[in-house]
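Student: Full structure from sequences and hints, please.
Chains as they are written, first to last, in our numbering: chain A, 1 to 251; chain B, 1001 to 1094; chain C, 2001 to 2319.
Hints were generated in silico from the structure; no laboratory data involved.
Since the model is a prediction, treat every value here as computed from it, not as a measurement.
List of simulated lysine-lysine pairs, DSBU-like, C-alpha gap at most 30 angstroms:
{"#": "1", "chain 1": "C", "residue 1": "LYS2027", "chain 2": "C", "residue 2": "LYS2012"}
{"#": "2", "chain 1": "C", "residue 1": "LYS2067", "chain 2": "A", "residue 2": "LYS118"}
{"#": "3", "chain 1": "C", "residue 1": "LYS2184", "chain 2": "A", "residue 2": "LYS66"}
{"#": "4", "chain 1": "B", "residue 1": "LYS1015", "chain 2": "C", "residue 2": "LYS2160"}
{"#": "5", "chain 1": "C", "residue 1": "LYS2027", "chain 2": "C", "residue 2": "LYS2108"}
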Amino acid sequence: MMKQAQLQYLLLLADNPLILGQRLGELCGHGPSLETDIALTNISLDLLGQVRNYLQYAAEIHGEGKTEDDFAFLRLEHEYRNVVLVEQPNTDFAWVIGRQFLFDAYHLPLLNQLATSKDSQISAIATKSLKEVQYHHRFSKEWIKRLGDGTEESHSRMQTAIRTLWPYTNELFTETEVERQMKELGVGANLQLIKTEFDAYVAEVLSEASLEKPADVWSKAQGKEGIHSEHLGYILSEMQYMQRTYPNMVW
Amino acid sequence: MKKEWPVWEVFIRTKSGLDHRHVGSIHAADGKMAIENARDVYTRRKEGVSIWVVPSKSIVANNPDEGGELFEPAMDKAYRHPTFYELPEELGHM
Amino acid sequence: MELVKELSENEKIFEAKIEAGQNIEPKDWMPEKYRSTHIRQISQHAHSEVVGMLPEGNWITRAPSLKRKVTLLAKVQDEGGHGLYLYSAAETLGISRDELYEQLLSGKAKYSSIFNYPAVTWADMGAVGWLVDGAAIMNQVMLTRTSYGPYARAMVRICKEESFHQRQGYEIMLTLCKGTDAQKKMAQDALNRWWWPSLMMFGPRDEESTHTEQAIKWKIKLKTNDELRQQFVDQTVPQATLLGLTIPDPNLKWNEERGHYDFGDLDWNEFWNVVAGNGPCNKERLEAKRKAHENGAWVREAALAYAEKQDQKAFRVAV
Chain A
1 MMKQAQLQYL LLLADNPLIL GQRLGELCGH GPSLETDIAL TNISLDLLGQ VRNYLQYAAE
61 IHGEGKTEDD FAFLRLEHEY RNVVLVEQPN TDFAWVIGRQ FLFDAYHLPL LNQLATSKDS
121 QISAIATKSL KEVQYHHRFS KEWIKRLGDG TEESHSRMQT AIRTLWPYTN ELFTETEVER
181 QMKELGVGAN LQLIKTEFDA YVAEVLSEAS LEKPADVWSK AQGKEGIHSE HLGYILSEMQ
241 YMQRTYPNMV W
Chain B
1001 MKKEWPVWEV FIRTKSGLDH RHVGSIHAAD GKMAIENARD VYTRRKEGVS IWVVPSKSIV
1061 ANNPDEGGEL FEPAMDKAYR HPTFYELPEE LGHM
Chain C
2001 MELVKELSEN EKIFEAKIEA GQNIEPKDWM PEKYRSTHIR QISQHAHSEV VGMLPEGNWI
2061 TRAPSLKRKV TLLAKVQDEG GHGLYLYSAA ETLGISRDEL YEQLLSGKAK YSSIFNYPAV
2121 TWADMGAVGW LVDGAAIMNQ VMLTRTSYGP YARAMVRICK EESFHQRQGY EIMLTLCKGT
2181 DAQKKMAQDA LNRWWWPSLM MFGPRDEEST HTEQAIKWKI KLKTNDELRQ QFVDQTVPQA
2241 TLLGLTIPDP NLKWNEERGH YDFGDLDWNE FWNVVAGNGP CNKERLEAKR KAHENGAWVR
2301 EAALAYAEKQ DQKAFRVAV
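Tutor: Following this line, the structure appears as structure tokens:
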């Protein structure tokens, strides 16, 4: 039972960077400048590296010859544990930055906590990922400011993106049963502590960027429980295509 | 006329290196972006690297041509980029 | 009566440097022809790297394993970086990045025709890395000795990173060829489609190639198109044999006398058509870059506006 909860927690940790990394991968070659293409690809690479660490550990725990790829490519929609925020599309660059900023504001405090997890492997993965995510955190913050306080057009687009993405942030701090169990064991993070940091940081940066922080609003996002937006189906169709079409082969 | 992001010259000192060496240039809108772009393009996330970025227009360079007796030696702004490159050490291994 | 042209002092110094194998640097005097040839050559190379991100980029989201996904991402990222090094080198010759993009997007500038072919299966990732990067490397090693300093230095950096690209491609092919029948078939199909376009990467036949003499003098070329093409065939055939794949050329045969492989004639009609813009993906590729550039304009403007505001803030604080 403990093993199940531990496994589910690892999938939860892996699936956010997996889906977000996938979304960033869509942008390669299509960004607003060559330099930005390289930066966003960098972030995607970092996230997917973290995914591999979590899923290799998950495969180890599960046993029965399962691999990282089995978990990445062969689950059904309702078995993915990512938040709905990271499924949001690359509508325009403001959406890309908004999504990244809100996720990084959660991701950095999350990893800071996990770095002292009682599970030594999770703590090792988190520690290793910290430097990368500190960089993402800084990158997204600077871009929020550039777009929020740039031109009228960029301000308007950035405000729209933040307003539209805002309801999805609730889910980041809605504790699931698995997260509660892991927290009590000293393995997982305390979401309330993350929320405190998140709220302060986001308010500060949005204000600096002359953006209005949207009012909190109810939302029914339940990605962590396996209830996703319509986006995930399409994301998975693309991602899983090769493994589903050519099952049981080595690549 | 649309303005483009200005050019910055990039200087890197590796962890084991003694000095900053010129490695090339990038375009960026501001200093913070310049450092980030330089890191992404020229260091691929290597640890312990020191990066300097300088707006190209701030570089002042001399005119190192031979046959200098035929020309007025001139303290001149670099045309676009400085001329005091060091050859990359990799050349020795080619 | 023949007019004997006296070389100016500048030209004498320039020619002496070229003779002595010394680098020409951005601030040196150079003939206008040298400058314009290099702007064209270097920027074409840069455009190729950047457009080259597209056929491979479109498989990132469909890579069949996490390992393949990250290595493909890293490769495409490298190509972006190479484009950047080369644009930087071209800019030292007195042209702006925006002008260079204008030339690409308007169709005025050329880029390597190979990227006008579609990458339609996963095996294409193997074929492209193996053949296209393989062909590119042959040119690139030569260029590390080219006369224009910034270009040579960019090429040294690029060559260092390039070897992983070809090895990655070949390893993808190897894995497929050691796999199931479906995978072997996929690999053979990819080779069938990419073989001839790869040979076309070396350009027209020598007799139809202009500027070769000058290119050799300025060390943009060390060997002719046909020489390089022959070298490529000779080195690639054994690699294909190792994979257990058949090169789609019924006229391919080892010639003991020459010590080289004889191979069939290229479809020069296809070659010139693709160069002229009629290839399968020419329009698509440019459209993608155009869209990215146009859609990104507001972003680039915002970054500049923000930077200016910050500068002004700092000034006010200082004052």
